[in-house]
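Novice: In case you want the letters, here they are:
There are 4 protein chains.
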Amino acid sequence: MNSKPVFIGVIGGGEASAEVERTAEEVGREIARRGAVLVCGGLTGVMEAACRGAAGEGGMTVGILPGDDRRTANPHVKIPVVTGIGYARNVIVVKSSQAVIAVDGSYGTLSEIAHALQSGIPVIGLGTWSVSINGRKDNNIITASSPEDAVEKAMASIKCL
Amino acid sequence: MNSKPVFIGVIGGGEASAEVERTAEEVGREIARRGAVLVCGGLTGVMEAACRGAAGEGGMTVGILPGDDRRTANPHVKIPVVTGIGYARNVIVVKSSQAVIAVDGSYGTLSEIAHALQSGIPVIGLGTWSVSINGRKDNNIITASSPEDAVEKAMASIKCL
Amino acid sequence: MNSKPVFIGVIGGGEASAEVERTAEEVGREIARRGAVLVCGGLTGVMEAACRGAAGEGGMTVGILPGDDRRTANPHVKIPVVTGIGYARNVIVVKSSQAVIAVDGSYGTLSEIAHALQSGIPVIGLGTWSVSINGRKDNNIITASSPEDAVEKAMASIKCL
Amino acid sequence: MNSKPVFIGVIGGGEASAEVERTAEEVGREIARRGAVLVCGGLTGVMEAACRGAAGEGGMTVGILPGDDRRTANPHVKIPVVTGIGYARNVIVVKSSQAVIAVDGSYGTLSEIAHALQSGIPVIGLGTWSVSINGRKDNNIITASSPEDAVEKAMASIKCL
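Residue numbers (this note's numbering), protein chains in the order written: chain E, 1 to 161; chain U, 1 to 161; chain A, 1 to 161; chain V, 1 to 161.
No lab work stands behind these hints, which were simulated from the structure alone. Treat the hints with care, since some could be wrong.
Said to hold, decoys possible - Restricting the straight-line Cα-Cα distance to at most 20 Å, the calculated cross-link-like pairs of lysine to any residue (SDA-like) are: (1) V:Lys4 x E:Gly58; (2) E:Lys137 x U:Ile141; (3) V:Lys137 x A:Gly127; (4) E:Lys137 x U:Asn140; (5) U:Lys4 x A:Arg71; (6) U:Lys137 x E:Lys4; (7) A:Lys137 x V:Ser157; (8) A:Lys137 x V:Asn139; (9) V:Lys137 x A:Asp138; (10) U:Lys4 x A:Asp69; (11) A:Lys4 x U:Lys137; (12) A:Lys137 x V:Gly56; (13) E:Lys4 x V:Gly56; (14) U:Lys4 x A:Glu57; (15) A:Lys4 x U:Asp68; (16) A:Lys4 x A:Ala156; (17) A:Lys4 x U:Arg71; (18) U:Lys4 x A:Pro75; (19) V:Lys137 x A:Asn140; (20) V:Lys137 x A:Ile142.
Only a predicted model underlies this, so the values are computations on that prediction, with no experimental measurement involved.
Model the full assembly from the supplied sequences, consistent with the hints where possible.
Specialist: As structure tokens, this is what we get:
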């Protein structure tokens with residue numbers, strides 16, 4: 001790991017279909033191949049699949065846990081951060097990332113997308129939420145067509161900052 | 001104030017048009033008329049207008065502030081809660097409410113809607129966000145047609161719990 | 001309640017002896033008699049005794065709860081704030097107070113004393129922690145001789161700001 | 001780094017004398033030599049000196065930052081965690097550590113010692129706070145005689161869990 005890697009968040013639900021998990025795992029692999037650090041919520045589903053992908057490529061993984069017990073981290077988290085602040089930790093997952101990739105997603109994922117947009121952190125979506133206000137669609141969620149495209153767009157969005 | 005009033009959150013942006021502020025103020029008035037306590041983020045825009053409405057009817061208002069300075073509360077907040085935790089306080093605004101009414105809204109409001117849906121707290125919308133995942137609209141945001149209708153639906157949603 | 005009351009925190013353990021509870025209750029009564037709002041962690045022991053005292057005098061009580069359930073508030077809390085952030089809420093108890101009175105105390109109380117001293121919020125002690133660094137006693141915790149003296153010193157410390 | 005290293009926190013003030021910084025740096029070096037991960041608040045003073053020591057030995061360093069800007073991390077932090085929750089992040093520094101070593105210390109350090117004792121996380125002290133309640137000294141802060149002794153005792157305290 002070089003001294004100043006890029007940090008990319010992967011956000012998504014704690015429960016996911018096999019297809020969604022394959023997508024998340026490929027996102028994780030691609031993040032690691034590019035030498036970036038993967039940041040996530042540290043638990044199951046999309047988070048675990050992404051960490052598994054990154055760890056399989058020798059990448060670094062950070063899991064920002066909601067609870068008080070480090071053993072709740074999935075086995076592919078190398079750096080567990082034990083917050084004890086519950087779902088308020090979603091804000092920390094987002095702020096610790098320079099761009100986030102949303103894969104599918106629960107309401108928790110929607111809160112992370114919103115916090116990222118609020119903080120000016122780029123959001124790349126892979127089959128995730130879209131949002132409208134008063135009938136006008138918000139176009140600030142960047143759509144990706146594949147895991148590779150998502151990571152490419154995440155890296156590019158950081159370079160633009 | 002009786003000993004066990006109901007707590008209703010009003011969420012919305014810190015900047016709002018005159019029309020949106022009129023709506024928020026009427027929501028605040030109606031909350032106070034029904035003897036409920038108004039909970040909000042304590043700042044300007046929708047939050048201040050709602051507090052002004054509630055305070056004008058003699059209602060109780062709680063402002064959950066993001067920063068370290070109680071003087072950032074709008075003048076109609078009777079109980080300022082000084083969190084110092086930044087926008088992670090959005091989670092506390094939601095959890096301290098038994099139902100939330102979203103009026104218009106910024107990305108911060110979207111994060112509050114998401115946190116409420118995640119926690120099973122009813123969300124009533126007045127000209128606010130709608131959300132879809134993979135093209136399927138999420139119908140858990142209850143639409144209201146007027147401030148009175150919003151408060152009526154908020155009170156009813158709590159009674160149902 | 002006038003529009004700008006003073007907010008005084010009462011901090012202490014969730015388990016307390018009958019004698020400590022009598023002290024805390026008298027602190028709560030005295031806070032209410034002076035028209036101040038009592039802020040606390042909302043749970044049992046010193047917190048509940050102080051709230052009981054304040055509520056018995058018709059005072060306002062705010063309980064900043066660590067968990068997700070408003071029903072964990074003691075019955076004398078009029079405004080429960082549901083944080084869901086665990087013991088990180090100790091910081092909010094302190095910041096929401098203009099002075100804090102420590103009665104006896106657990107390690108949680110010690111953390112609150114430290115956060116108050118860090119934030120420049122006056123700390124009045126009634127049979128509570130004293131702290132030394134490298135053998136030098138820290139004299140920033142103001143000692144009180146009785147509940148009345150503690151509240152008097154808390155009010156005076158705020159006036160000095 | 002093996003897959004399950006131990007995580008040791010180093011806590012201390014953001015301003016420190018040259019002597020205190022030398023101690024903190026040696027603590028950091030010793031943590032890295034033993035293959036443990038150093039966790040800290042990510043800023044200056046004791047935190048920076050400890051990170052410099054660990055990084056100089058090729059160790060891993062995690063900085064849990066209070067603010068919103070990753071550039072506030074000292075240059076030896078390899079994994080910056082951007083919380084945005086202010087000094088409430090002290091709780092996360094502690095919970096993310098399996099034992100903490102306190103070097104000298106500010107009031108923030110005292111709050112971290114208190115949170116650690118509250119959570120049952122061993123605290124090793126090197127010229128830091130001592131605390132008494134009602135005249136009885138609390139003996140749960142383990143005294144160390146040197147940086148090596150502190151890290152030795154921290155490692156041993158974890159093995160005992």
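Novice: All the hints need checking, so say for each whether the structure fits it.
Specialist: Evaluation of the provided hints:
1. Using a Cα cut-off of 20 Å, the hinted pair lysine 4 (chain V) and glycine 58 (chain E) holds, with the two alpha carbons roughly 15 Å apart.
2. For the hint linking lysine 137 (chain E) to isoleucine 141 (chain U), the alpha-carbon distance of about 17 Å falls within 20 Å, and the restraint holds.
3. A distance of roughly 14 Å separates the Cα atoms of lysine 137 (chain V) and glycine 127 (chain A); the hinted pair therefore holds under the 20 Å criterion.
4. Between lysine 137 (chain E) and asparagine 140 (chain U) the alpha-carbon distance is near 18 Å, which keeps this suggested pair within the 20 Å criterion.
5. Distance hint between lysine 4 (chain U) and arginine 71 (chain A) is fulfilled; the C-alpha atoms sit about 11 Å from each other, no more than 20 Å.
6. Restraint check for lysine 137 (chain U) and lysine 4 (chain E): not satisfied, since their Cα atoms lie roughly 41 Å apart, outside the 20 Å limit.
7. Distance check on the hinted pair: lysine 137 (chain A) and serine 157 (chain V) sit about 28 Å apart at the alpha-carbon level, beyond 20 Å; violated.
8. A C-alpha spacing of about 17 Å is found between lysine 137 (chain A) and asparagine 139 (chain V), which places the hinted pair at or below 20 Å, so the restraint holds.
9. Taking the CA atoms of lysine 137 (chain V) and aspartate 138 (chain A), the gap is near 15 Å; set against the 20 Å cutoff, the hint holds.
10. Distance hint between lysine 4 (chain U) and aspartate 69 (chain A) is fulfilled; the C-alpha atoms sit about 15 Å from each other, no more than 20 Å.
11. Pair hint lysine 4 (chain A) plus lysine 137 (chain U) does not hold up; C-alpha atoms about 45 Å apart against a cutoff of 20 Å.
12. For the hint pairing lysine 137 (chain A) with glycine 56 (chain V), the CA-to-CA distance comes to about 36 Å; that exceeds 20 Å, so the pair is violated.
13. For the hint pairing lysine 4 (chain E) with glycine 56 (chain V), the CA-to-CA distance comes to about 16 Å; that is within 20 Å, so the pair holds.
14. With a CA separation close to 18 Å, the supplied pair lysine 4 (chain U) and glutamate 57 (chain A) stays within the 20 Å bound.
15. For a cut-off of 20 Å, the pair hint linking lysine 4 (chain A) to aspartate 68 (chain U) stands: about 18 Å separates their Cα positions.
16. Between lysine 4 (chain A) and alanine 156 (chain A) the alpha-carbon distance is near 16 Å, which keeps this suggested pair within the 20 Å criterion.
17. Simply put, lysine 4 (chain A) and arginine 71 (chain U) have alpha-carbon atoms about 11 Å apart, close enough for the 20 Å limit, and the pair holds.
18. Simply put, lysine 4 (chain U) and proline 75 (chain A) have alpha-carbon atoms about 10 Å apart, close enough for the 20 Å limit, and the pair holds.
19. Distance check on the hinted pair: lysine 137 (chain V) and asparagine 140 (chain A) sit about 18 Å apart at the alpha-carbon level, within 20 Å; holds.
20. For the proposed pair lysine 137 (chain V) and isoleucine 142 (chain A), the alpha carbon gap of about 19 Å is at most 20 Å, so the pair holds.
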